[in-house]
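Chemist: Below are the chains, spelled out letter by letter.
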Amino acid sequence: MIHFEQVTKAYGGNPAVLRCLNFQVRPGEFVSLIGRSGCGKSTTLSLINRLIEPTSGTIRVDGQDIATTNPVALRRRIGFVFQGIGLFPHLTIAENIGITPRLLGWPAVEIKTRVRELLDLVRLPPTCESRLPRELSGGEQQRIGLARALAARPRIMLMDEPFGALDPLVRDELAADYSVIHRQLRLTTVLVTHDMTEALLLSNKIIVQHAGGIVQIGTPQKLLSAPADEVVAALIESPRRRIGQLTRLLEQGSML
Amino acid sequence: MNTATQAVDLLPAYLGNHILLSVSAIALGMVISLPVAIASARSRRASGLLLAGASVIQTVPGLALLALFYPALLALSAVTTRQFGFGVPALGFLPALLALTLYAMLPVLRNTIVGLAAVDPAIKTAARAVGMTRPQSLLHVELPLAAPMIMGGIRIAAVWVIGAATLSTPVGQTSLGNYIFTGLQTENWTFVLFGSVAAAMVALIVDRLLALAETGLALHSRLRLAAASTGIAALLAASLYPLAGSADTTVVIGAKNFEEQYILSALIARRLADSGISAKTRSDLGSTIIFRALVAGDVDVYVDYSGTIWANQMHRQDEPGRSAVLNQLTRWLAEKHRVRNLGSLGFENAYALAMRRDRADALGIRTLIDLQTHAAELKIGGDFEFFSRPEWAVLQRTYGLRFALQRSYQPTFMYRALRDGDVDVISAFSSDGRIEQYGLKLLEDPKGALPPYDAVLLVSPQRSHDRRLEAALKPLVGAINLPAMQRANLMVDGDKRTPEEAAIWLAEGMGGLRFGVGREEVRNGRRHQVRQH
Ligand SMILES: Nc1ncnc2c1ncn2[C@@H]1O[C@H](COP(=O)(O)OP(=O)(O)OP(=O)(O)O)[C@@H](O)[C@H]1O
Ligand SMILES: [Mg+2]
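Protein chains in written order, with my numbering: chain A, 1 to 256; chain B, 257 to 789.
It is worth saying that the hints were derived from the structure and are not from the lab. Think of the CB as a built atom: it goes at the ideal place given N, C-alpha and C, for glycine as much as any other residue. Honestly, I wouldn't trust all of these hints.
[Stated by the list, open to error] Covered by chain A, per the in silico footprint, the following chain B stretches (three or more residues, Cβ under 8 Å):
| id | segment |
| --- | --- |
| 1 | 572-580 |
| 2 | 725-734 |
[Claimed, not checked] Chain B is faced by these chain A residues, among others (derived, beta-carbon under 10 Å):
| id | residue |
| --- | --- |
| 3 | Thr68 |
| 4 | Val72 |
| 5 | Pro89 |
| 6 | Gly145 |
| 7 | Ile181 |
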């Protein structure tokens, strides 16, 4: 569904942001991109819907080289959820969710029913339709961001740390909800995260990025059992250590 | 009629014109600057250049900017007349509109550019990511988010333009500035205050309305938006007042920037009104501007003085005598400019040098020849035009006049300066009522350096064969003698009566009654003969 072939990206002052990326995402897969801050995760994600153009290499979506497609049409059939949410502050919740269908020229009634449907899907009351984004909590806003990305029934979802800024409870809840949506709607999802636990629990494939390259691609089980190098090992060490700490805490509790 | 009620009577016309001009300038300024700002907003260099250019325009004083459009349009008019057979009006609405439009542009440009640049880049990326094209992103996201900033710019522009519009009076556009310019000239402080307060009120109201529209937009408040649009619609309706009833057939009466001209234009207006001819007045025009305006047809009728045209337009320095000047002038006007001289009103308003009587007597100065020996220790004051007029050059040359200091004043203050001893000699008009009031002595011109200054009634080329106009104005020819004019001028200068009241007095006098009083005054030795012809 998504193919990266020899993709590189350089900025003027930053010659090797991405060095020769090769990977593919199959239909229905839930893929996580993980790595340290600044390793190029957001850049990789943005290349897929042409928010950023690669310096060299080929990216295919549905078998077609995206360099030859109309970027606006491409973006309208790919859902995108932002690191910083990115709702339009001057538009109501309903207008925010309905924006891509509106750009695609859907009839108003159809947009209206679609907005209702999506609010239900992300588990928000229909009463918030006429509110402005700033009148919602951070978690609610992120749900709207998700609904907006899903509005035009995309087959592919790109998500850049969508749960990053939320408190842990809300974050787990939203992640679990999205996991269901992904399966129900048979989406193909690429999720950027720096939280290894999240990546391990949500995805069926993890791509570990480091210093502009890919150090390992594999299932969560594969990463846990056979980390390719010390970078991956360090990444999975953190959830492991926390499990250890928690287990010890529980044991102490039962001894009291 | 007291001056306050008179001011109120004039308000609909002045206010209507003021708002029409301001609204047009703000609208045109927006129509030009918004697209330009939007187009340049993405390029730092383009927007920088644009802002620099606009800032330079902003530093040109408002009055100068207005004044510069007059010659520019005149030149343009000459070109269009030659190329396409029609001219553009160089006086009145057009130059005022163009100058004020330039004024309105900077705040709108600046705030639009800054407002667009301040939109959160993450939001702009979001707009692209949901599938907006560049224009869609601008229209649906960037401009709405920059709207409060842009609106702020429009509000600044509105306040500036409404204030600066008061300066459009001297280029022949009626505005609330007419109160201020006329009031300054006739020392009618009620007028000055009235005009200033009215302009400030309009600026304040427009600013509040726009603020209301702004919050209405921001809060999606229908009520606020409705209130703001009602207010703005009411203002627009008010601005249409001057358009109603002003057809092409309206005769434009011109007036220069001093009392006598206000009185004479009011007198002409009365004559035309009595004959059922619709007319409007453009006052406070400079000498050269008003003549060009007459030739171009922007002004249809006004009173000028033979010597002024002789020296300034015909560039003559000789002095063949009063009737020869009039004859040659009438022929020159007809042949060169197709301007018609309907005739002399019957009095002269000569340029002359004047001193306080006590000071002149103490120094033993009676004529300009006497003045020559003392000039080096004396200070001279002139009106804004005097020192740049050819008459002054001729006077200096003929009598070898070199003064210790020369200063230009608005006429009211020039007389004050002479009274208070700030200057010793001034340029005066022989028909000025203040000569009497301040006890001044007019210095004789034995060498005949200055031409005669008969008041003549001039009609523009396109009205020169208008029989009705001629019939309405003809009774003025030969009907006003010097004492009558001096008395009328003194009514305004000294007694603080309005030019209209003085005009009514003159009109009544044409029946013969009041002019008897004038002759009485002559016999009492209050007449000043500047020169012998
Ligand atoms: N427009 C740009 N110009 C120059 N360098 C850039 C630009 N955008 C990103 N970079 C650089 O590219 C690198 C990768 O950035 P990217 O945003 O993809 O990192 P990331 O992995 O998403 O980090 P984070 O986890 O902090 O979001 C960084 O070093 C960043 O400084
Ligand atoms: Mg990132």
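Chemist: Provide an ascending list of the numbers of those earlier hints which the structure does not satisfy.
Modeler: 1, 2, 3, 7
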